[in-house]
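*Asks:* Take a look at the letters that make up each chain.
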Amino acid sequence: MGVRTRRMRTAYPFSAIVGQDEMKLALLIAATDPGIGGVMVFGDRGTGKSTAVRALAALLPPIEAVKGCMFHCDPRSDAGRCAGDCGRNHKQDAPTEWIPTPVVDLPLGATEDRVVGALDLERALTRGEKHFEPGLLARAHRGFLYIDEVNLLEDYLVDLLLDVAASGENVVEREGLSVRHPARFVLIGSGNPEEGELRPQLLDRFGLSVEVRTPSVLADRIEVVRRRDAYDRDPEQFIAHWAKADEGVRDQVLAARRALSALHASDEVLESASRLCMSIGADGLRGELTILRAARALAALRGDPAIAEQHMRDVAPMALRHRLRRNPLDQSGSTVRIERAMAEQFDA
Amino acid sequence: MSLDAESAAWADARLAAALFAIDPVGLGGVVVRCGPGPVRDRWLSNTRALLPPGAPVRRIPLRVEDDRLLGGLDLPASLAAGRPVAQKGLLAESDGGVAILPMAERIEPPVAARLNAALDQGEVSLERDGLALRFPARIGLIAFDEGCSREERPPEALSERLAFLLDLNDVAMAMAAARTDDGDAAAVISARERLGTVAPADTDVVEAVCSAAEAFGLGSLRAPLLTLRAARAHAALHGRAEITGEDAAAASRLVLGPRALTAPVDTQADTTPSRRNDSEEQAPDSADPAADRADQEPIQMPSVTELVVKAVQAALPDDLLARANVDGQIRAQAARARGSGAVVKSARRGRPVGSRPGALRSGARLNLVDTLRAAAPWQRVRAEAADPGRILVRPSDFRVRRFVQRAQSTTIFAVDASGSTAFQRLSEAKGAVELLLAKAYVSRARVALVAFRGDGAEILLPPTRSLTRAKNRLADLPGGGGTPLAAGVEVALDLALAEQAKDHTPLLVFLTDGRANIGRDGAPGRAAADADAMAAARKVGEAGVSAVFVDTSARPAPDGDRFARAMGAAYAPLPYVDAHAMFGLVAELSASAR
Numbered sequence: 284m285g286v287r288t289r290r291m292r293t294a295y296p297f298s299a300i301v302g303q304d305e306m307k308l309a310l311l312i313a314a315t316d317p318g319i320g321g322v323m324v325f326g327d328r329g330t331g332k333s334t335a336v337r338a339l340a341a342l343l344p345p346i347e348a349v350k351g352c353m354f355h356c357d358p359r360s361d362a363g364r365c366a367g368d369c370g371r372n373h374k375q376d377a378p379t380e381w382i383p384t385p386v387v388d389l390p391l392g393a394t395e396d397r398v399v400g401a402l403d404l405e406r407a408l409t410r411g412e413k414h415f416e417p418g419l420l421a422r423a424h425r426g427f428l429y430i431d432e433v434n435l436l437e438d439y440l441v442d443l444l445l446d447v448a449a450s451g452e453n454v455v456e457r458e459g460l461s462v463r464h465p466a467r468f469v470l471i472g473s474g475n476p477e478e479g480e481l482r483p484q485l486l487d488r489f490g491l492s493v494e495v496r497t498p499s500v501l502a503d504r505i506e507v508v509r510r511r512d513a514y515d516r517d518p519e520q521f522i523a524h525w526a527k528a529d530e531g532v533r534d535q536v537l538a539a540r541r542a543l544s545a546l547h548a549s550d551e552v553l554e555s556a557s558r559l560c561m562s563i564g565a566d567g568l569r570g571e572l573t574i575l576r577a578a579r580a581l582a583a584l585r586g587d588p589a590i591a592e593q594h595m596r597d598v599a600p601m602a603l604r605h606r607l608r609r610n611p612l613d614q615s616g617s618t619v620r621i622e623r624a625m626a627e628q629f630d631a
Numbered sequence: 076m077s078l079d080a081e082s083a084a085w086a087d088a089r090l091a092a093a094l095f096a097i098d099p100v101g102l103g104g105v106v107v108r109c110g111p112g113p114v115r116d117r118w119l120s121n122t123r124a125l126l127p128p129g130a131p132v133r134r135i136p137l138r139v140e141d142d143r144l145l146g147g148l149d150l151p152a153s154l155a156a157g158r159p160v161a162q163k164g165l166l167a168e169s170d171g172g173v174a175i176l177p178m179a180e181r182i183e184p185p186v187a188a189r190l191n192a193a194l195d196q197g198e199v200s201l202e203r204d205g206l207a208l209r210f211p212a213r214i215g216l217i218a219f220d221e222g223c224s225r226e227e228r229p230p231e232a233l234s235e236r237l238a239f240l241l242d243l244n245d246v247a248m249a250m251a252a253a254r255t256d257d258g259d260a261a262a263v264i265s266a267r268e269r270l271g272t273v274a275p276a277d278t279d280v281v282e283a284v285c286s287a288a289e290a291f292g293l294g295s296l297r298a299p300l301l302t303l304r305a306a307r308a309h310a311a312l313h314g315r316a317e318i319t320g321e322d323a324a325a326a327s328r329l330v331l332g333p334r335a336l337t338a339p340v341d342t343q344a345d346t347t348p349s350r351r352n353d354s355e356e357q358a359p360d361s362a363d364p365a366a367d368r369a370d371q372e373p374i375q376m377p378s379v380t381e382l383v384v385k386a387v388q389a390a391l392p393d394d395l396l397a398r399a400n401v402d403g404q405i406r407a408q409a410a411r412a413r414g415s416g417a418v419v420k421s422a423r424r425g426r427p428v429g430s431r432p433g434a435l436r437s438g439a440r441l442n443l444v445d446t447l448r449a450a451a452p453w454q455r456v457r458a459e460a461a462d463p464g465r466i467l468v469r470p471s472d473f474r475v476r477r478f479v480q481r482a483q484s485t486t487i488f489a490v491d492a493s494g495s496t497a498f499q500r501l502s503e504a505k506g507a508v509e510l511l512l513a514k515a516y517v518s519r520a521r522v523a524l525v526a527f528r529g530d531g532a533e534i535l536l537p538p539t540r541s542l543t544r545a546k547n548r549l550a551d552l553p554g555g556g557g558t559p560l561a562a563g564v565e566v567a568l569d570l571a572l573a574e575q576a577k578d579h580t581p582l583l584v585f586l587t588d589g590r591a592n593i594g595r596d597g598a599p600g601r602a603a604a605d606a607d608a609m610a611a612a613r614k615v616g617e618a619g620v621s622a623v624f625v626d627t628s629a630r631p632a633p634d635g636d637r638f639a640r641a642m643g644a645a646y647a648p649l650p651y652v653d654a655h656a657m658f659g660l661v662a663e664l665s666a667s668a669r
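Listed in order, the protein sequences are those of chains A and B.
Residue numbers for the first sequence, in the numbering used here: 284 to 631.
Residue numbers for the second sequence, in the numbering used here: 76 to 669.
Bound conformation, chain B alone:
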């Protein structure tokens, strides 16, 4: 990264911080992609210095529980007072200030959904532990994205509610340290006062921002809305009473630039993207948005629009088009499944399903509210025997939390997409995937699909239980080329191990004729390829993952059996593979595995 680009990145990060500090609630927040370290600390301390004095700042732990996040019963206070006393959660405590979410790329969907609800409604609605309360929670969120690979990111449902996506990974400490930001605080304070007086955005500006968002492939309307709010804060920062083209351009650069999925066709030639390695991008909705856009009519460019589009273009990641062709979401999931950071600790507690009477053995978790409820009716009787004014709880009152730890299964199809019969195998595998998903609501089973062909293997469908999603992902399947069986086995095994780490029980289903001809190194050659495939198969056996090998060759040969045995897999010759037969096979195997 050149010094210029670096200083531009840092200047943008500072500007985003200032705008965020002017209107934290309106702008939702900032995603800061950066590992922990001095640059991030510096950015955070700059940002904190810009917040209103006394504004609360709270950190939300990654595996936060509902009673801490949303609030609940304050136990010591309730016991001392002899009546229920509510306690705020982290979101309500951050009201009027900022909540910080470290490791946002690893946040679980239920926690993200709770944050989203608070961001949308500006309050926390609590229906827990006998309490029915609302707490104001007008917050801005700073999400630290510590993902290593490009695909590890915070959930899109969360990041699309936060205006700014910054990438500070390549900013050197010298750059961050060299700047002093004393003047900013005063400017932010007066801008915050001025914010309400900035006139509504002109039609020109609204149109420019909306058409730019569309031209850059952004479907959700949150992007242009956040851009307008950022433009308003920018106008206030510069002491203006109305939003100018310059404000819209700066806001678009910061909000739309890092999200852009495509570049508008007619202005692409004169793009001179600044160097911004690995900047934020989001998953395109369709497999190939660049192509989708290409046949649309050229975009009309009034002057503000031109300004805005230019500004966004300057902020585009340089390999945008290359990446737009990749289905970002699939890759994101694949990386999450493989990446070092993705392992969910087995301390998962399962789903809480109420409580039952029980003894406090080790490991049992007391449900205090239910225990108190159980004890309450007896208080008068018991009080006669002891100190009045104290709550008397006997062992028979104990209510222990119940959790169900569902043995969720993940069926991973590894499909040989090579050669001339690839299409049939793939479409039958796809049929089996959809049958499994369609019939698996209650068990909440997940299904994934890996295909191998040519010189490698790829995850076409990351583990999912959404039929809709499977249909979308598997609409077009590539086929043909050589058979890199070893690569297929390895990718499937990695996926299986990642699933295992998340407490899902993986089942591998290999669909191939077992005749490898591309080695681990991507080179053709039957002997080496076969040896590599056997080595990979033995790894499956060593890992102890359940597997089944569906031999699709027209005449099953002893090779297949040998391969299956190396994996410790069941062997099922199925020359006329079809979706229903495969579905039956998998259903039978998962039932016997339980």
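If we strip away everything but chain A, and leave its shape as in the complex, we get:
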């Protein structure tokens, strides 16, 4: 029979992914600053979108959580204090435990009760107890929620996810239950735009968006195939071979997280971010905020002492490309438009 859902430990190593630099960078930025608001990965078939997300999951450092809390709340945060059964545990000196960063897959065919949580049927039927069984949103709290093929997800589930992602809180009112609990997670989606467009409300919810393509250089293609083949033949050995490199990436993320708070944007950087957003017509303030946060995370990942123009230029395409006002009659892609605007602004 099946096993209770647990995370796979035999994922393809993150550092063994050939190329796909923009996707890897976006994922690392989201891992460094979860407040960035998620990553949407668009791409052709067979480009390793899912592989990269699962690889990231495998290298993330563990987090400290209140022991036994079904929402694995952060012991050092009052804001994250949860409701439900374990609310009582959240005293100052509640015992804690270290758990892996949650990375939750939202599988196709998931039903609403499993996404938001519902009455625990087993306890209700066998013991007559009214008990909340947390869903995927609870499990993803303080971690990542990954949706492959976002464009195939049922609309009503998308609506529900958007609501929770925006409020950071999941409110369940069903079957006589009334539960609210924190659900702050980094939403990671992937999909092929040829198989259906995403609604702008959903797109806008993602902080960053990247486009992945199959590598076009033969040497890269050969390297991808060779590594994949080696992994398929003997996953353990392959993972062991890359373990050191993956550890390096994990340390980089941890160091970047520590460096984050000390990095400030100069007025000059703030201004040029605003000018860039205005010149390409990106809607709302969200674009500017995302550029700044992403540039800060990038500076932290690179170990740089301050946020510089180059950081902004490197993250601008992924922070803005999904926010451009749509102009259906303009043939050029969003990336081109952003690069054009940057060249005008910075190189002139």
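For the record, the hints were derived by calculation from the structure and aren't laboratory data.
The structure displayed is predicted, hence computed values, not measured ones.
Be a bit skeptical, because a hint or two may be false.
[Unchecked claim] Covered stretches of chain B (chain A as the covering partner; in silico rule of three or more C-beta atoms under 8 angstroms from a C-beta of chain A):
hint	stretch
1	149-160
2	187-193
3	290-296
[Said to hold, decoys possible] Far from chain A by the CB rule (all over 10 angstroms, computed), these chain B residues:
hint	residue
4	A83
5	C223
6	G494
7	A606
Ideal Cβ placement from N, Cα and C applies to all residues, glycine included.
Keeping the supplied structure of chain A fixed, place chain B upon it in accordance with the hints.
*Replies:* Relative to chain A, chain B alone:
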């Protein structure tokens, strides 16, 4: 098909079966293009005989529901036990064996996506009905492709995960029956044991396979990966401890050959393709991959590469280049829309959106899990009044499944691409298509575009709701020539009827000056052409499809009005046609149609 070619096709089919049976999980599976019949049965029974003894084999019905495919709550067992009991779905039941998918060319994208997830992850992740479970599902998939026309095929996202694409349509029963396959089973068993000991592929082999895949126009890296795995199984089958050029060549012939989109330029002259009618091909990514490749530098050919490329070339479909110029995907969709097999039954249930309290009238479907949840809190109270140990469900607990059946609309533009004003009409129609798509996420409206010119009509954009896709397809539009209005009306109507059969509400938008000059038979002549066009227009009227006729002539004439009336269409003279005006018109009409 000559006897030789036939026997080669059957030999390849047997070899593919053996390789698949050696490593079903690694190779993903086989697409068998063949109608039901003795040849296919024979191939399947051969293949089953090669699988490990006791390996499960399950058939997946075309319209399978999630609780059967992925698993869910076992209701009788749950009720008997008084606690939730999980039940495996078909994918988990096939673990360690094979799942068979009949009529794979008609599978719906959501089902294909679930199969893809299981093939990629080797397990089924179930988050349904209060259950959170993972079941192993290490399976190989045999997909029967029963498409009649060349364009009816399984979704590419699925077939690109399956190593072998076989075409058995032209293999005679005599051929299949004449062979006995007793020796194969033993060879496969020992090959399966040997598989893990085959050394990693040499750099030569990896390079050869990758460059061959590229040379034959295959962008996705799944093709060379599957080729390597097939080569490994082939080496094991021949008792070798390492993959040789011969293994790589055989694997490339089977995996890359049927997928090839282009032939490498510098070796094309000495190609002697074997006869393989109507073999598998896939949609090229760009409109004209042959031309794209032509200006690339010649491919370097080390020896293994040469071997591999030769092998693939021998397996190329003979009309490869002719077909590479056709945008396969458009044609595929057009055929699906028109083909006899494409009609989706109106028993479509819509999208499930949870449940609500309700009575069990006929037609209502009980959501048992939610019903049990509703009943659960009352069990103690109710148990005092009756038999303990039984779950007491009252009518007030009933939870009925809710579905939304969205009235999705499909706007079909039929654009007159003839004459000198074609370009303007086409580009404004294209603008309207993109405006509609850009503004239509929430209603999930679909848009299609048919163009008619010269001696016929073609579907330039099959119904889609992807703006990206529309942009890609409509990048270059052909124009000029005569006006085969009748053909345009007929193709558009066929498309509309196919959409209707899928529960979409079609709206036809004709963009023409209404002056036909090419008849139904493709011959010029204004009178006959006009009569044919009127006849076609009356068919639209009889079918009751909503239509609007946008008259683009500089001076609208009574002809246009007459034509519109025959179709039962709204008449909109719009001499200076522009995308925004058209968008407004369509938006207004679809709103009033609801």
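*Asks:* The structure should be examined with respect to each hint, and the outcome stated for every one.
*Replies:* Cross-check of the supplied hints:
| no. | hint | in the structure |
| --- | --- | --- |
| 1 | 149-160 | holds (count 3) |
| 2 | 187-193 | holds (count 3) |
| 3 | 290-296 | holds (count 3) |
| 4 | A83 | holds (28 angstroms) |
| 5 | C223 | holds (25 angstroms) |
| 6 | G494 | holds (24 angstroms) |
| 7 | A606 | holds (38 angstroms) |
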